[in-house]
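Engineer: Sequence:
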Amino acid sequence: MIRARFAPSPTGYLHIGSARTFILNWLYVRKHHGTMVLRIDDTDVDRNTEASLFSIYEGLNWLALNWDELYRQSERLDLHRKLAYELLARGLAYRDFTPAAPDLEDKPHSEGPWLFNPDMRALSKEGSDARAAAGEPFVIRFRVPRENSTEVSFKDEVYGHQSKLTADIEDFALLRSNGMPTYHLASCADDIDLRITHIIRGQDHLSNTFKHLLILQAAGPPLPRFAHLPLLTAPDGSKLSKRRHGPVVSVTTYRDHGFLALAYINFLCLLGWSPKDDREQMTLYELTNAFSFEGVHRSNAVVNFSDADPIDPKALWLNAQHLRHIPVEQLAPLVRNSLEAQNLAPYADDAFFLHVVDTIRTRFSTLLDFPTKGRAYFADEFPMDPAALEKLNAPGARELLHELADRIEASHEFTEATVEADLRKLAEERGVKAGVLINASRASLTGQPVGPSAFAVFVCIGRERVLRRLRRV
RNA sequence: GGCGCUAUCGUCUAACGGUUAGGACGGAGCCCUCUCAAGGCUCAAAUAGGGGUUCGAUUCCCCUUAGCGCUACCA
Numbered sequence: 001m002i003r004a005r006f007a008p009s010p011t012g013y014l015h016i017g018s019a020r021t022f023i024l025n026w027l028y029v030r031k032h033h034g035t036m037v038l039r040i041d042d043t044d045v046d047r048n049t050e051a052s053l054f055s056i057y058e059g060l061n062w063l064a065l066n067w068d069e070l071y072r073q074s075e076r077l078d079l080h081r082k083l084a085y086e087l088l089a090r091g092l093a094y095r096d097f098t099p100a101a102p103d104l105e106d107k108p109h110s111e112g113p114w115l116f117n118p119d120m121r122a123l124s125k126e127g128s129d130a131r132a133a134a135g136e137p138f139v140i141r142f143r144v145p146r147e148n149s150t151e152v153s154f155k156d157e158v159y160g161h162q163s164k165l166t167a168d169i170e171d172f173a174l175l176r177s178n179g180m181p182t183y184h185l186a187s188c189a190d191d192i193d194l195r196i197t198h199i200i201r202g203q204d205h206l207s208n209t210f211k212h213l214l215i216l217q218a219a220g221p222p223l224p225r226f227a228h229l230p231l232l233t234a235p236d237g238s239k240l241s242k243r244r245h246g247p248v249v250s251v252t253t254y255r256d257h258g259f260l261a262l263a264y265i266n267f268l269c270l271l272g273w274s275p276k277d278d279r280e281q282m283t284l285y286e287l288t289n290a291f292s293f294e295g296v297h298r299s300n301a302v303v304n305f306s307d308a309d310p311i312d313p314k315a316l317w318l319n320a321q322h323l324r325h326i327p328v329e330q331l332a333p334l335v336r337n338s339l340e341a342q343n344l345a346p347y348a349d350d351a352f353f354l355h356v357v358d359t360i361r362t363r364f365s366t367l368l369d370f371p372t373k374g375r376a377y378f379a380d381e382f383p384m385d386p387a388a389l390e391k392l393n394a395p396g397a398r399e400l401l402h403e404l405a406d407r408i409e410a411s412h413e414f415t416e417a418t419v420e421a422d423l424r425k426l427a428e429e430r431g432v433k434a435g436v437l438i439n440a441s442r443a444s445l446t447g448q449p450v451g452p453s454a455f456a457v458f459v460c461i462g463r464e465r466v467l468r469r470l471r472r473v
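If you read the first sequence in this note's numbering, its first letter stands for residue 1, the second for the next number, and so on.
What the hints contain is simulated information worked out from the structure, not anything from laboratory work.
Where hints are given, some of them may not hold.
Taking lysine to aspartate or glutamate and the DMTMM-like style, the derived pairs with C-alpha atoms no more than 20 Å apart in a straight line are [to be verified]:
| hint | residue 1 | residue 2 |
| --- | --- | --- |
| 1 | LYS314 | ASP256 |
| 2 | LYS31 | GLU157 |
| 3 | LYS164 | GLU151 |
| 4 | LYS425 | ASP385 |
Restraint ranges, calculated between C-beta atoms of paired labels, are given here [stated by the list, open to error]:
| hint | residue 1 | residue 2 | range |
| --- | --- | --- | --- |
| 5 | THR49 | ARG121 | 33 to 43 Å |
| 6 | ALA133 | ALA64 | 51 to 61 Å |
| 7 | ARG424 | VAL450 | 16 to 26 Å |
| 8 | THR49 | THR362 | 35 to 45 Å |
Predicted, not measured: the structure shown is a model, and the values here were computed from it.
Beta carbons: idealized from backbone N, C-alpha and C, even for Gly.
With the hints as extra help, turn the sequences into a complete structure.
Structural biologist: Written out as structure tokens, the structure is:
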């Protein structure tokens, strides 16, 4: 039974890269009928906030991909500490009484790497116990084997065989002097306790995996499998960050731009992964079936945004594709929400609304287009586009529209076919090209120079409103 | 600095030694047409550089370069 986890830390909103990690975990789990664990990695008390946790849930809820189990690391601290002290008791870890030294930040980069504090690593058990008993603060570090040239190695599902000399790994901290576990400790202790079988995470953890393996091996089998995912970067190749790139890194940006969650998921999946055939627009079901680590790339993928446009053009295209192809019944509620946010509502019953949505979605690419470009389908007051006004200003256009209104009113029926017949007949009788009247109609009915077939527009607006709009120009 | 990872059109990617290096987005053009989309067709656009291995390298190996990640109690 496969068990995978997504482990965000609540230090900001849900990041686009985190969202992709979650999505890919989800696909893998669902494909293999496993269990999806959501674990909140909140051991950094200084940086975690409830507001951030809330926004992570907000992002996750929008994606609408469910999880099966939920844990918070802050509620499992005893478990983490227990592992640290067990390693200490077994001599696999030791106390380091050196005070934290944040001012050493730049030093190690010019010289060799820091590996451990020799005096502390060599401290006798008695000496260490005595100082701890006296109340001296300490951090517990893993005693990385460095006597001989041993290696830690594993086979990553994406990156293949990985190995590193333990001599190159520093004695990393497990438990902070304030008693809180570090990420490495908490993560490993929980992965063991939660019986995680597959750790699927960002490539920024690839080199941390050697440390994790040291902890995991010390704790004993079974070992989870690892799959690291290439990172998402900005167009200049730099890491996506809130400070430098602003809200484009938040999933809510796409939501607020009128994206369908499915389209966003689809887009993110295609960054660093490929189904290896030419499919681009895929349903969740298709994505789930197609996903495998084989198709995952090893190099970073660029999210193609700019200052002028925070949305990747391909994401927008994919959204338009989904918008046009998902069952209209699925789309309608989303459109309704989008309309309600602008105090707009459908003109008539559900069947009519479905027809309208189905007709106009063929020209739209986001949910935001419905209350804006599509406003005339839901409200009598709408702006007149300058280009549309030109169509209305065609010689004799207004008079013809008034006449058309009379003819439509006189007709028994009101369908695309009857409207088209009425309009073409009128045009012919008055010796004008049908196109002139057609374009003027669209302009008067929607305020726009572009849109669906004009005859379809008549029906979508509705007979009474059509008569009013034709006559008021 | 040390260690690790990576390198195909502007971007996302396919090609697991032999292809005119394929597709998609975006760009340009044509067709269709009541407008605009969609759709169809066409064009421009890539194997970072240098060495090997091989009859033959995008593909395997090495070096260089570039980028990314980790690097003393962030995750």
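Engineer: Now, for every hint given, state plainly whether the structure supports it.
Structural biologist: Okay, the hints, checked on the actual structure:
Only pairs whose Cα atoms come within 20 Å are accepted, and LYS314 paired with ASP256 is accepted, the gap being roughly 17 Å. Taken as a hint, the LYS31 and GLU157 pair is honoured in the structure, with Cα atoms around 16 Å apart against an allowance of 20 Å. As the CA atoms of LYS164 and GLU151 are separated by approximately 5 Å, the hinted pair is consistent with the 20 Å bound. For the hint pairing LYS425 with ASP385, the CA-to-CA distance comes to about 28 Å; that exceeds 20 Å, so the pair is violated.
The hinted range of 33 to 43 Å is satisfied by THR49 and ARG121, whose Cβ atoms lie roughly 36 Å apart. ALA133 and ALA64 have their C-beta atoms about 53 Å apart, which keeps the hinted 51 to 61 Å range intact. Remark: the range hint 16 to 26 Å for ARG424 to VAL450 is upheld by a beta-carbon distance near 21 Å. Under the hint 35 to 45 Å, the C-beta atoms of THR49 and THR362, about 44 Å apart, fit the expected range.
Consistency with the previously given hints fails for number 4 only.
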